[in-house]
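One-letter residues, chain by chain:
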Amino acid sequence: MSNLLQEIESKISGAQTSVAKQNVGIVREIGDGVAKIEGLTDAMLNEMLDFGNGVTGLALNLEETEVGAVILGDYTGIKEGQEVRTTGKLLSVPVGKGLLGRVVNTLGLPLDGKGPIKSDVSYPVEKIAPGIIKRKSVGQPLQTGIMAVDAMIPIGRGQRELIIGDRSTGKTTIGIDTIISQAVQNRAAEAAKDTSYRPVYSIYVAVGQKQSNIARVIAVLEEAGAMPYTIIVSASASDSATNQYLAPFAGCSMGEWFMDNGMDALIIYDDLSKHAVAYRQVSLVLKRPSGREAYPGDVFYLHSRLLERSARVNEKYGNGSLTALPIIETQMGDVSAYIPTNVISITDGQIYLETDLFYQGVRPAVSVGLSVSRVGSAAQIKAMKQVAGRIKLDLAQFRELAAFAQFGSDLDAATQAKIERGKRVVEIFKQPQFSPLLVEVQSVILWAAQNGYFDDVAVEKVKDFQKKLVDYLTNRKADLMGRLSKEKAFSDAIAGDFKSAIAEFKQTYK
Amino acid sequence: MSKQAKRDAKSLFRNCQINGILDEKRVLQTVDEVLKRKPRGFGAILSHFQRLIKLDEAARTAKIESATALTPDLQNNYKEILTKRYGQGLYFIFQENPGLLGGVRVQVGSDVFDGTVRARLNELNESFKAA
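Taken in order, these protein sequences are the chains called V and B.
Heads up, the first sequence is in my numbering, so the first residue is 762 and it goes up one at a time.
Heads up, the second sequence is in my numbering, so the first residue is 2 and it goes up one at a time.
It is possible that part of the hints are untrue.
[Unchecked claim] DSSO-like, lysine-lysine: derived pairs with alpha carbons at most 27 angstroms apart: (1) B:LYS55 to V:LYS782; (2) V:LYS1228 to V:LYS1249; (3) B:LYS130 to V:LYS875.
Bear in mind the hints are in silico, worked out from the structure with no lab data behind them.
Nothing here was measured: the structure is a model prediction, and the numbers come from that model.
Whenever a hint applies, use it, and build me the whole structure from the sequences.
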């Protein structure tokens, strides 16, 4: 016994205690979620600061005699003269597959009451985008399931495609449809045990949205069974401007983890207009110099560094991708405003939604003339290329001719035919929300339209004809659809079989 | 406070330094001279000047707190170690603080070396809260 006591005594006397150096400062000013701190001479930019009692801040302004920090949480308990410490850590969020199916806040903390997030990896919120060496060209399609988009404005994995339009024109719906489409394809590939298919995981970042809207989005995704493949990052209108400013970066880090690990991810920023407003607020309370429309000078860099993080990396670096669909809300259709022009110039194209089309019943209200995809056509499958090649031009011509035809009724047969075909194509592109179509189905419908099978169908019956044709082909001609899905092109043999199948259907269609 | 006042105060502050160390005589002379000449915005200039002096003083003050009074030998030991680390020109303040329970807390500018029992107990408390 005495030996044991001696042993413990010798161990205690031999124990070394080390004292770590800490860097501290004193709060000089606090207000609007921003603190001015004296001291903190070793603070790094974007370093997390410990205010005590579990409150953290982020060092954003490193000045000669003080540090400007934004508080990430409840700042009402912070007092002047309080001690603040540096942590030596940059702001990080948990990443990984454990986040799938979860609703989290800007710091990656759960908001859905489903318990703690299972993740042992974290990524810094601010990260340098992949460089030139790591990247490769966009070459694989990302099917949104929306025919108007997949046919005319195709999106590739790793692309940044802006969704722009006025309020209530269906911007969020396009994003949600795309998420649902990915889930449908992921599930189909899982069911078919198709190992060649690369699943796409989605991240939806809600910035400055109403909580009711976010709740509705979650409900839609849950109903469509898309949540197991989706992460929702919520920084609603009631969150602080700091949280709203950081949310897209946090979501991007979560998406980057998939890209870095050789997987494909899709991120939707809903929306970057409100994000710019939140950043303006943070900048103004930090007393940064303001520029045009009171936005700070680095508002372009804010969005460019965020969107540059979306990329397609080459095989050497894992072959992963991060596709970004940022959303911008315009005022009265003004795309030449400050933030819209910034984001248009950063992205690889835009889907422009028009209010007029929306109220005419053309939904999705995609404006064919103003929408463009600069890199996506390289990622279209051959079958879609074969049928959709001329459709954008035809539709643009139809809009012009239809406007011209309003002034007179004497039109030559060719013009008349073009207008009639155009009317039917417009009908074909109408699609209800949250019901994405598979790319094979889209290709067949467009192939049928291109080959005149819709020409003798009355305009008001086009949707009914389309629905029944799709039902007929998927149920009665499943093997033919399977061949198209496998070959991904309209070979002469497949085209011949479709001709006879559609002719057979037309005989029975009433 | 205008930017010009801040710039002027900064310039006066620099002129009061000899080899990077603030000269008290020059500081007092400067304050007297400014009050005598009363340039435009002299109040703001002097107020910012005072703040710069305060920050400089804080950066060069070594505050050594301990639960019980330190012996002169130990005090000299601390002075030697800190001068070696931070260079000449440090002001030393030795304080007794029974609230620390044991150990020593040294603060030089915004650097803190906290080896007190109180700090360890606080750390333990925080770790329980986090768990």
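Status of each hint after checking the structure:
The suggested pairing of LYS55 of chain B with LYS782 of chain V holds, with an alpha-carbon distance near 23 angstroms, which does not exceed 27 angstroms. Under the criterion of a C-alpha separation no larger than 27 angstroms, the hint pairing LYS1228 of chain V with LYS1249 of chain V is consistent with the structure, at around 22 angstroms. The straight-line distance between the Cα atoms of LYS130 of chain B and LYS875 of chain V is roughly 21 angstroms, inside the 27 angstroms bound, and the hint therefore holds.
Violation of the numbered hints given earlier is absent; every hint is satisfied by the structure.
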